[in-house]
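Engineer: Using the sequences plus the hints, can you model the full thing?
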Amino acid sequence: MTARERIAGNVANYVDERTGAAAWMKKNLNKVFPDHWSFLLGEIALYSFIILLLSGTFLTFWFDPSQREVVYEGAYQPLSGLKMSAAYASTLHISFEVRGGLLMRQIHHWAALFFMVAIVVHLLRVYFTGAFRKPREFNWIIGVGLLTLGIVEGFLGYSLPDDLLSGTGIRIAEAIIQAVPVVGTYIAFFAFGGAFPGEAFIPRIFTVHVLLLPGIFLALITVHLMLVWYQKHTQYPGPGRTEKNVVGYPLFPVYMAKAGGFFFIVFGVTTFIAAVASINPIWLYGPYTPGQISAGSQPDWYMGWLDGLVRMAPPLETHAFGHTISWNILIPGLIVPGIMFTGLALYPFIESWITGDKREHHLLDRPRNVPNRTATGAMALTFTLVALINGGNDIIAQQFHLSINQIMWFSRIGIIVLPPIAFVITKRICISLQRADRELVLHGKETGRLVRLAHGEFIEVHEEISPEKKWLLTSHEQSGPLELPEIDKAGVRRTDAIRNKIRSRMSVANAEVAPKVSAQDLKEIEHH
Amino acid sequence: MANDLEAINDPGIPAHVHRKADSDPLAAKKAERQVAILFALSAIGTILFIVSYVAIPEDIFVFIPVMGSTNAHQLFLGLGLAFSLFFIGMGAIHWAKTLMPDQEVSVQRHEFRSDEEDRDELVKTAKEGAAAAGLGRRTLIKRTLGLSLGLVGLSPLLLLRDLGPLPGKSLSTTSWKAGTRLVTDPGDRPIKPEDLEVGAVAQVLPAMLPGQDHRVLSDIGKDAVLLIRLRPEEFNLDAERLSWTHEGIIAFSKICSHMGCAVALYEQQTKHLLCPCHQSTFDVTRAAKVLFGPAARPLPQLALALDSEGYLVAKQPFNEPVGPSFWERSS
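Chains U and S are the protein sequences, given in the same order.
The number in my numbering is simply the position in the first sequence, starting from 1, with 18 added.
The number in my numbering is simply the position in the second sequence, starting from 1, with 23 added.
Worth flagging that the hints you see were computed from the coordinates, not collected in a lab.
Cβ atoms here follow ideal geometry from the backbone N, Cα and C, with glycine treated the same way.
Mixed in with the good hints there might be a few duds.
Said to hold, decoys possible - FRET-style restraints, in silico, Cβ to Cβ:
{"hint": "1", "chain 1": "S", "residue 1": "Glu29", "chain 2": "U", "residue 2": "Glu464", "range": "22 to 30 Å"}
{"hint": "2", "chain 1": "S", "residue 1": "Arg56", "chain 2": "U", "residue 2": "Pro485", "range": "36 to 44 Å"}
{"hint": "3", "chain 1": "S", "residue 1": "Gln339", "chain 2": "U", "residue 2": "Trp80", "range": "44 to 52 Å"}
{"hint": "4", "chain 1": "S", "residue 1": "His133", "chain 2": "U", "residue 2": "Arg467", "range": "18 to 26 Å"}
{"hint": "5", "chain 1": "S", "residue 1": "Gln339", "chain 2": "U", "residue 2": "Pro221", "range": "55 to 63 Å"}
{"hint": "6", "chain 1": "U", "residue 1": "Gly340", "chain 2": "S", "residue 2": "Leu145", "range": "52 to 60 Å"}
{"hint": "7", "chain 1": "S", "residue 1": "Leu177", "chain 2": "U", "residue 2": "Leu245", "range": "30 to 38 Å"}
{"hint": "8", "chain 1": "U", "residue 1": "Val435", "chain 2": "S", "residue 2": "Gly210", "range": "50 to 58 Å"}
Structural biologist: Written out as structure tokens, the structure is:
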């Protein structure tokens, strides 16, 4: 035994005698994780979060979360002598006088953008592959919670510097709060310590941004990961992969090296982009004052859809009995986002109600094999994208020399018309892809080799695909619709007939597929 | 049903294909060197970082194509840090991919549902415990506990009361009174009609009260006013609103009636005011009537007059609250 082994042994022994960790470690070092690039998306979100904690902590050492009015006398000459909040002045100080401070600000902001991108793309992966099905519904809901908190956390973060752009964002947030019927004015006055903007909100949102929300994030991320660990990761279908096993590489050493290495790559790429691509140059915007604004005011991308909805809202207000209800703010600012996020959170339960499927699922779906789900996702995405595009209507109008009114009308009509069209097209594409798969299994792949037969006919030679590929294209389940007759077995009409009918109709639509190839089909074709 | 048909057979996990480095010691040696080079590149990145920190002054700007003028200090710090991080990752992953075992293994999953026996026992224990505590029988305890738990949350909620003052009338009032002078922002100079040419726009605020040396942002958020001068014949106003203008000068609250952004974009040709936040468009000639966008109300108009010295003043306070709507707003 070498000296090094002896020391390591002693340390391990010391820890194990006090915790009994050896048995747990032995089991978990061999934990198997399936390999696929799309499983890295959640990892990017996790690593971005760590980068955010590190860079954010650095920024707090100099940032002064206060709206106390100061006269700027720092290094950035164009703003010299101007009155501004201590928050804005200290952000300028970080940007121009703290060495590496601007770099850290840029890393923090870029990491926040990547964090949100990674969460959204990870969510899309989980959605379109059906990874949210039993037993993973809890993790889906935690994920939706993390997405929601991420949007809030990002918004609060870019509001902290108290520049002209971020103050405008806060102004809009205040107007949304103020629009809430009955209690809105009171909530706004409590949140802002009086009339907008007051001097309270920067210190308050600072506490929320650096303590409260990161704490909740840490707790939720921990549970999210523990559940992934305990429930074992889902896997894509393929030869040798079943609902009962998990096929992949062991945690130690391969995954530790890969995942650890990937953290450094994400950090490195974020830092590179932060170094070369300037973002949120707050010194150009100037300090916040409610009487001024800069043209082309844009929120960060993950808030853009919300701003787009607000922009396209019709000018509706109700004045009655001495009170005002601002539908032009409430509908796009609170009601529609509420429906979107509630629908998102409840989706696993809605789907399992329609399919009647209460079994565990560990094999992922290929999106084409579940046309209705894929089409529903495309529909929701289209809705959000139209809103997001409208959130940048001023920039688009300027860049492409279009009229802002035309873009607005395109969005107002498009947000209602385009999602259903997206649904139908996506569903048709999915079923066509299923037919193509069927064709591939039955008749093999086209080789491009033309052969002339003795009697003069030209045919293209088709090559049989591998057994692995055949298995991949045919191993998915195709269960028919739920059978929910209006009259039950005893000849009695069901009491909840309407609900039953809706469920039945949706179930039939859900079961619409191109039939997959069975072994019999193949045998038949061999006889030809 | 498709499921009743016989499925095609699962061929099983494909056989492991050995990598070159698995069998060829030379290839393994080469891979090892590659990993070492990647880690060494990371070390060079750190050295670049340190050198940049020490040697490059903070105020040197260099011109780089695409990026434009860039602060060299921040740029090279960033590049050094990026390389030092990135190549650690590349090294670790290359190591894992070329030299660590790459044989896929299959492990069984277990069902999450507990054994029937365990579930029954849990139910029994829970029932026994609840019965022992008298949860079902002692309704008085149950109800008072419910009451106290329901009430205990009120105390911290009540403490939040001091977060801010009650709104009162503050959203409905501004600093504009009858006779308040309009002054430029910035500059605080009073304005005479002849200071504004036809087509000109100016942001104004109410003159500060005697003894006031400083404006509060919350006041600016309600008081900011936009002054626009047109030719008087261009107006399309009723008699009352026309009397609120002065020689073609008209004043509107600059705070958008939609969500409170500053309505700062004035199109001189069309005489439209546009809010850059949500593109609500107001027609200056028709008392800021909403032409387009989500705003539901015109911008409040401030009635103008001249004082004895010939300066522009407010004839009366705003006759409606400025800024976004709120529940207590009556019109």
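Engineer: All hints are to be evaluated individually against the structure, with a verdict given for each.
Structural biologist: Going through the hints against the structure:
1. S:Glu29 with U:Glu464: 22 to 30 Å: Distance hint for Glu29 (chain S), Glu464 (chain U) holds at roughly 27 Å.
2. S:Arg56 with U:Pro485: 36 to 44 Å: holds, 40 Å
3. S:Gln339 with U:Trp80: 44 to 52 Å: About 48 Å separates the Cβ atoms of Gln339 (chain S) and Trp80 (chain U), which means 44 to 52 Å holds.
4. S:His133 with U:Arg467: 18 to 26 Å: violated, 50 Å
5. S:Gln339 with U:Pro221: 55 to 63 Å: About 38 Å separates the Cβ atoms of Gln339 (chain S) and Pro221 (chain U), which means 55 to 63 Å is violated.
6. U:Gly340 with S:Leu145: 52 to 60 Å: holds, 58 Å
7. S:Leu177 with U:Leu245: 30 to 38 Å: Roughly 35 Å apart at Cβ, these two residues keep to the hinted range, so it holds.
8. U:Val435 with S:Gly210: 50 to 58 Å: holds, 51 Å
When the structure is compared with the earlier hints, violations turn up for hints 4, 5 and for no others.
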